[in-house]
Amino acid sequence: MFGIVIGWLVIVALIGFALMAFGADKLQIVIGTMQRGVGKSLGSGIIGQLAILPGAVAVCALLAATLVGILLIPLGLMAFMFAVAGIAMFGFVAVATMTGAALTGGSKRDETPHGAMLRSFFTGTAVFMAMWIIVAVFYRVPLLGPMLESFASAVTFIAATTGFGAVLLSWWRGEFKQASTTL
Amino acid sequence: MTDYFPEEEFAPIAKAMKDLPYFAPSPQFADKVMAHVRIPGAVQVPAVADRRSVQPAWSAPIERRSPTPVPQTNYRRSIPARIAAASLVASIGVTMTVVALVTLFDLNLFVLISRIFGQSTMTFLASLVTDATATATATASSGAAAAGTATGIAVIGSFAAGAVAATAALRAAATASRKAA
Numbered sequence: 001m002f003g004i005v006i007g008w009l010v011i012v013a014l015i016g017f018a019l020m021a022f023g024a025d026k027l028q029i030v031i032g033t034m035q036r037g038v039g040k041s042l043g044s045g046i047i048g049q050l051a052i053l054p055g056a057v058a059v060c061a062l063l064a065a066t067l068v069g070i071l072l073i074p075l076g077l078m079a080f081m082f083a084v085a086g087i088a089m090f091g092f093v094a095v096a097t098m099t100g101a102a103l104t105g106g107s108k109r110d111e112t113p114h115g116a117m118l119r120s121f122f123t124g125t126a127v128f129m130a131m132w133i134i135v136a137v138f139y140r141v142p143l144l145g146p147m148l149e150s151f152a153s154a155v156t157f158i159a160a161t162t163g164f165g166a167v168l169l170s171w172w173r174g175e176f177k178q179a180s181t182t183l
Numbered sequence: 001m002t003d004y005f006p007e008e009e010f011a012p013i014a015k016a017m018k019d020l021p022y023f024a025p026s027p028q029f030a031d032k033v034m035a036h037v038r039i040p041g042a043v044q045v046p047a048v049a050d051r052r053s054v055q056p057a058w059s060a061p062i063e064r065r066s067p068t069p070v071p072q073t074n075y076r077r078s079i080p081a082r083i084a085a086a087s088l089v090a091s092i093g094v095t096m097t098v099v100a101l102v103t104l105f106d107l108n109l110f111v112l113i114s115r116i117f118g119q120s121t122m123t124f125l126a127s128l129v130t131d132a133t134a135t136a137t138a139t140a141s142s143g144a145a146a147a148g149t150a151t152g153i154a155v156i157g158s159f160a161a162g163a164v165a166a167t168a169a170l171r172a173a174a175t176a177s178r179k180a181a
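Protein sequences, first through last, are from chains V and X. Residue numbers for the first sequence follow my numbering, so the first one is 1 and each next one is one higher. Residue numbers for the second sequence follow my numbering, so the first one is 1 and each next one is one higher.
Fair warning: there could be bad hints in the mix.
Examples of chain V residues toward chain X, derived with CB under 7 Å [as the list claims (entries may be wrong)]: (1) Val59; (2) Leu62; (3) Thr162.
DSS-like cross-link-like pairs, simulated, lysine-lysine; straight-line CA separation at most 27 Å [what the hints assert, rightly or not]: (4) V:Lys26 x V:Lys40; (5) V:Lys26 x X:Lys18; (6) X:Lys179 x X:Lys15; (7) X:Lys179 x X:Lys18; (8) X:Lys18 x V:Lys40; (9) V:Lys40 x V:Lys177.
Source of the hints: derived by calculation from the structure; they are not laboratory data. Given the structure is predicted, the values throughout are model-derived calculations rather than measurements. Note that CB positions come from ideal geometry on N, CA and C, so glycine has one too.
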């Protein structure tokens, strides 16, 4: 269990760092979407997750329209699942950053916005991972272990779903495009 | 500003801004001052009517103005429509190209490729469906079996509590981070 938690910590940290290096403006847009309405983001995330299976079927149907497309169905499905996982990870990084910003909001120790964002991200990620480390510690305790695991799963699910929905909502509103046009 | 403040926070700010005094002096102050300025030695420039009385062929210079903006309709298609159109065109284009190439060069090659990859594709899809169904059935049955026990109820309760707590915490975090920004 500890290995899985540490592995996820490394993966989330690497992806989050890459996102901040190459798409900090996009991350800020998603955080802004969540700040304007957590409920809307959560609802969009649930709808988006329900649409994953029909989306995969639609990919298959579109590719199956032609003979060559049939051969590409496994590749198309893999690309679709990678896209879904990427959006979910993007959303989770945004949620972690927002949580960290709320926790470190009072401190003005960072001279640049990117520095503040990095501090917020690592604080938020540490909070989520600390929760899972506690789960790993009590994993073998009867009743308490499954209860903690279930609690942590629910928190992570809500966080990932909200982030997923915020990314979809920002994309649907065309905020990513507006930001790139402004820049 | 309403993008950054909720309505209930912005309302008192707007009221306070309305109560602020206007800037003094008045906006016409500069024109009124310049109307009294006389530059010694400067020649009075004749107005248009005076100039025409002296020189009938003269016409006032054309004033340069920026063109009137014409409202333009945004004809951009939605992204899903563009993806669907692009995939349709790409699929048809690739198919037609492959068909043309295979027909021209070697028909047996086409049959061979479609047999190999076509079979593996169908096998992959069938195994995917079987695995997904088996996983869903096993999860549902184990969940239903566990729901009756005390542990199951505690776990389900923990999940519900976690979901509610996480939603409330995220709302609080959103408000706090917005205020901190």
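Each hint tested on the structure:
Here the hint on Val59 (chain V) is broken, as its CB sits about 9 Å from the closest CB of chain X, past 7 Å. Interface hint status for Leu62 (chain V): upheld, as the beta-carbon distance to the closest one in chain X is roughly 5 Å, under 7 Å. At its closest, the beta carbon of Thr162 (chain V) sits 6 Å from a beta carbon of chain X; the interface hint therefore holds under the 7 Å criterion. Distance check on the hinted pair: Lys26 (chain V) and Lys40 (chain V) sit about 18 Å apart at the alpha-carbon level, within 27 Å; holds.
A distance of roughly 36 Å separates the Cα atoms of Lys26 (chain V) and Lys18 (chain X); the hinted pair therefore is violated under the 27 Å criterion. Between Lys179 (chain X) and Lys15 (chain X) the CA atoms are separated by roughly 21 Å; this keeps the pair inside 27 Å, and the hint holds. Restraint check for Lys179 (chain X) and Lys18 (chain X): satisfied, since their Cα atoms lie roughly 24 Å apart, inside the 27 Å limit. Simply put, Lys18 (chain X) and Lys40 (chain V) have alpha-carbon atoms about 33 Å apart, too far for the 27 Å limit, and the pair is violated.
For the given pair, Lys40 (chain V) sits about 20 Å from Lys177 (chain V) by alpha-carbon distance, which is consistent with the 27 Å threshold.
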